[in-house]
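Engineer: Input sequences plus hints: build the corresponding full structure.
As a plain string of letters, each chain reads:
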Amino acid sequence: MRDLFCIFAILFCLLPQAVNAQATLLRAVISRTDTPQLWDDAIAEFEQQNPGVKVVKEIAPNSSTQFHDLLTQKLKNRDTRLDVFFMDVIWPSEFASAGWALPLDRFFSTTEQGKFLEAPIAANRYRGEIFGVPLFIDAGLLYYRKDLLEKHRMAPPRHWPELVDQAKTVLAAELDPHLVGYSGQFKQYEGLVCNMMEFILGNGGALWDEQRLVSAVQQERAKQAVRFVRDHIISEISSRGVLAYEEPESVALFAQGRAIFHRNWPYAWRVANDPEQSRVIGKVGMMPLPAFPGGKGASTLGGWQIGISRFSKIPEVAWRFVAFMTSHQMQKRIAFSTGRAPTRKALYTDPELLAQVPWLESMLETFKQAVPRPRTPVYAPLSNIMQRYFSAALALPGSKIDQRSALAARDMDRVLDLLRETAAP
Amino acid sequence: MKRSLALALSALVIALYCLLPFLWFVLTSLKTPAELAAIPPRLVPSLHWGFYQSALFDHGLARYIGNSLIVAGTATLISITVGSMAAYAISRFQLAWTRFYLLALLAISMFPQIAIAGPVWNILNHLDWLNTYHGLVTAYIALSLPLAIWILTTFFREVPVEIEEAALIDGCSRLQVLRKVVLPLAAPGILTAALLVFIHTWNEFFFALIIMTDPDIQTLPVGIALFPGEYTMPWGEIAAASTLATLPLIFLTLFFQRGIVRGLSAGAVKG
Amino acid sequence: MKSSHRLALLFIVPSLVFVSVFTLYPIVESFRLSFYRMILTLPWLGQKMVGWENYLDLWTDPVAWQALRTTLLFVAITVPSELLLGLGMALVMNEAFRGRGVLRAVVLIPWAIPTVVSSQMWRFIFNDRYGLFNFVLFGGDTARYFAPLADPRFAMLAIMAAEIWKTAPFAALIILAGLQTISDEVYEAASIDGATSWQKFYHVTLPLLWPALLLALLFRTIDALRVFDLVFVMTQGGPADATNVLQFYGYKKTFAEGMIGYGSTIAVTVFMISLILALAYLRALKSERLQGAAR
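Sequences listed follow chains L, Z and P, in order. Position 312, counted from 1, in the first sequence is what this note's numbering calls 312; the numbers after and before it change by one each time, with no gaps. Position 8, counted from 1, in the second sequence is what this note's numbering calls 8; the numbers after and before it change by one each time, with no gaps. Position 211, counted from 1, in the third sequence is what this note's numbering calls 211; the numbers after and before it change by one each time, with no gaps.
Keep in mind that the hints were calculated from the coordinates and are not lab data. Treat each hint with caution, since some may be false.
What the hints assert, rightly or not - What follows is a set of in silico ranges between Cβ atoms, one per label pair, in the way DEER data are often shown:
no.: 1; chain 1: P; residue 1: Leu-72; chain 2: L; residue 2: Ser-109; range: 54 to 60 Å
no.: 2; chain 1: P; residue 1: Leu-45; chain 2: Z; residue 2: Leu-183; range: 29 to 35 Å
no.: 3; chain 1: L; residue 1: Arg-32; chain 2: Z; residue 2: Phe-57; range: 49 to 55 Å
To be verified - Straight-line Cα separation of at most 20 Å, SDA-like style, residue types lysine to any residue; simulated pairs:
no.: 4; chain 1: L; residue 1: Lys-400; chain 2: P; residue 2: Pro-152
no.: 5; chain 1: L; residue 1: Lys-313; chain 2: Z; residue 2: Trp-129
no.: 6; chain 1: L; residue 1: Lys-57; chain 2: Z; residue 2: Arg-63
no.: 7; chain 1: L; residue 1: Lys-54; chain 2: L; residue 2: Ala-44
We treat Cβ as the ideally placed atom computed from N, Cα and C, and that holds for glycine.
Structural biologist: Written out as structure tokens, the structure reads:
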């Protein structure tokens, strides 16, 4: 009986391998998309061009934070059944340092890198090597209801306090119980750091001092910005609900016509003009984020890249996939269908693309000036500390921002201290 | 008269309490997408099976169920086998250290998973058993042994020693006594223990989450917890998947409820 | 060695091997790692022995203290609630009436449902657009719908409700088993003495039930201290860390941030707390047994 058992057990262990023996399986972890057809078609085309290769795609959770946790668990497990994965712009340093991502220099020459926008390329570099190829770029933008502003004879706001006043005016005049002034992403997750960084930088503050490797959230300008968000944006012109919003919920609110102003990545333009999802088609405007008086508007750099796992058994095949997905043609197609901004410079002067997605040209400057979040292998714990701080500061009325920011700074410094220790890199 | 009315009412309230939330979920799984998105929520669905189709075929639910069966089944078999041996020894040989072993097992079963998850992951990593059936099964055996041994010991204790001794005197070897006398008598208890261990390992989430990251061999709880979202959550599919995941357990439970209750309370009352 | 001893050893060894390698050794290893600093994303730093530093950090970590408070609050509210509810259910089920067997089977259903399924189910119930919770509270008045899981003030309550729903039936069964060991004669004797229902309950049922209750209390407390699945599926520790229980915090530190050493420290702490509580309960149980025997 026991022998039968062992045979049984062994068979089950071998079964998956037997199935795999036929084609070369390329396993890709990609993010959830609202245009699955685009990716399926692209994959089919790649398989056609590469006979004998079958792409197995796994869709990751929508939340960047959960995506990160799951992907890193696979990489820690040295999962050989993972070849290619999408990376949020903040992960390459961490993955490179931990030895999970394959250095791509032998595939991705510096000449080729030069064809891409600088900021995303910089985000993929770590200690002189490159670990990912940028797929599309994101930057925080402000969307607004053109029709409502025009109705009340207001020009789009250039400063945050102006935005708050405009929202209050419109809310008071419209008397619509379902309408809120502002919709953003304030849930305790990575997106919160993106949103808050824009306010802080717009006030002349910063998240960290890169040269001295210390935190900067405890400085006055940063604290002022946080206070402003708590006391004016959330308390006065928004609902408590935004404290639970990630991108999907916040854009749904705006697309349903229930928010005057909305902060989101470029993809929201597509959502706001999608007949199936939006009630405000043609009524939406888009512009760089405002600043505080005396400051300069800042946009958080976002975007996704593709990397190859160091434990992959088929790096050459994996590279072919990466090259295919980030090719000129593919990026153009992605931009056409999803409205996601490409990372190849040439596409920004492509007349065909610009005819379809005209705002790309005007937003190029914003993309070029987008500010990255701290690029460091310890970004994950840093982000968790900041998420915690921002979430508590915003969610708890009367929160003591001085104390909380000091604590956050202390914790961030302790993490950053780790980077000062040198052993052989 | 008043008493029986009060009793009936209380019984009804209890039944509703236990059933209503799950019933709501099951009803949700039978709605059409439009009915699902209705605000305020529609109470009665039309019998629409689309979500089940989607959950089974587009989201790989069948694969998850298969994996769970393999993992839980194998772990239960081995755990009960190994556990029965230990339980028999403990119940028959009343030695000082066997009692200590039993108490130690109780203490071990109280460890928070986080306390052992990291090193267990490390061990499996060194053995290259991550993302394998045998890796997770081995971890599950270790996790369920305390429960199994405790319950089995209780049941074995109820098999009268005299019967065994009579058989021994009649000339049977220990092994024969085990097979022909003890096991048949303890069979209901063993079945109960097997059921409890099966349900326990079927529902386990934490270790499955960190050990199985390849979706081809992930188990059901991980599949359901990580159900990939469209931009809005696919509640219909989740409800369908959850119903499918739970119905077998419910049937098992209803069928063996007497045994289960005995098993659960055996430890509590007699331990 | 006596042959029977040898046989006993032989039978116990397989289980001993599994348990030693996969539970005892990891516990010891957790203890060891808690004195080291090891960060997965900074592999060049290696494993550095830092003595009590991790524990000191934990002592001064406000997030950990809040996690401890959250966890203890969770235990303090859910365990008595489910025991009380369970007691009520058990008392009803103890009465002889038609369909009692069916009721008992029905009561097992919440227990049989996997925790992740239950978590998704409750997450859906608390949804601020399609959820049953809002519908029951506000009916068609959708403007007043809110998301309890998104509000730091209510998120914990929502999670506790989900937990109590699932575990009260389990407690009911344990208590029912205890109730059924109380023989009818004791009640009859009490009736003869002229006791009322309440007096019977207070002076007969409760004292005889106490050991079973205490044991149920012990098991449930240990389990409540380890709550994880609910938090992972329903809130991921948020909003604003309101549901960040200790085990989830440890998971984040160990597996999401790669801070293995510190994560081990948290793990050891949770374990020690469970151990202390378990010992306290066992002592109470033992003294209760002694007292019961004396009576």
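Engineer: I'd like to know which numbered hints this structure contradicts. Please list them from smallest to largest.
Structural biologist: Per hint list: 2 and 3 violated.
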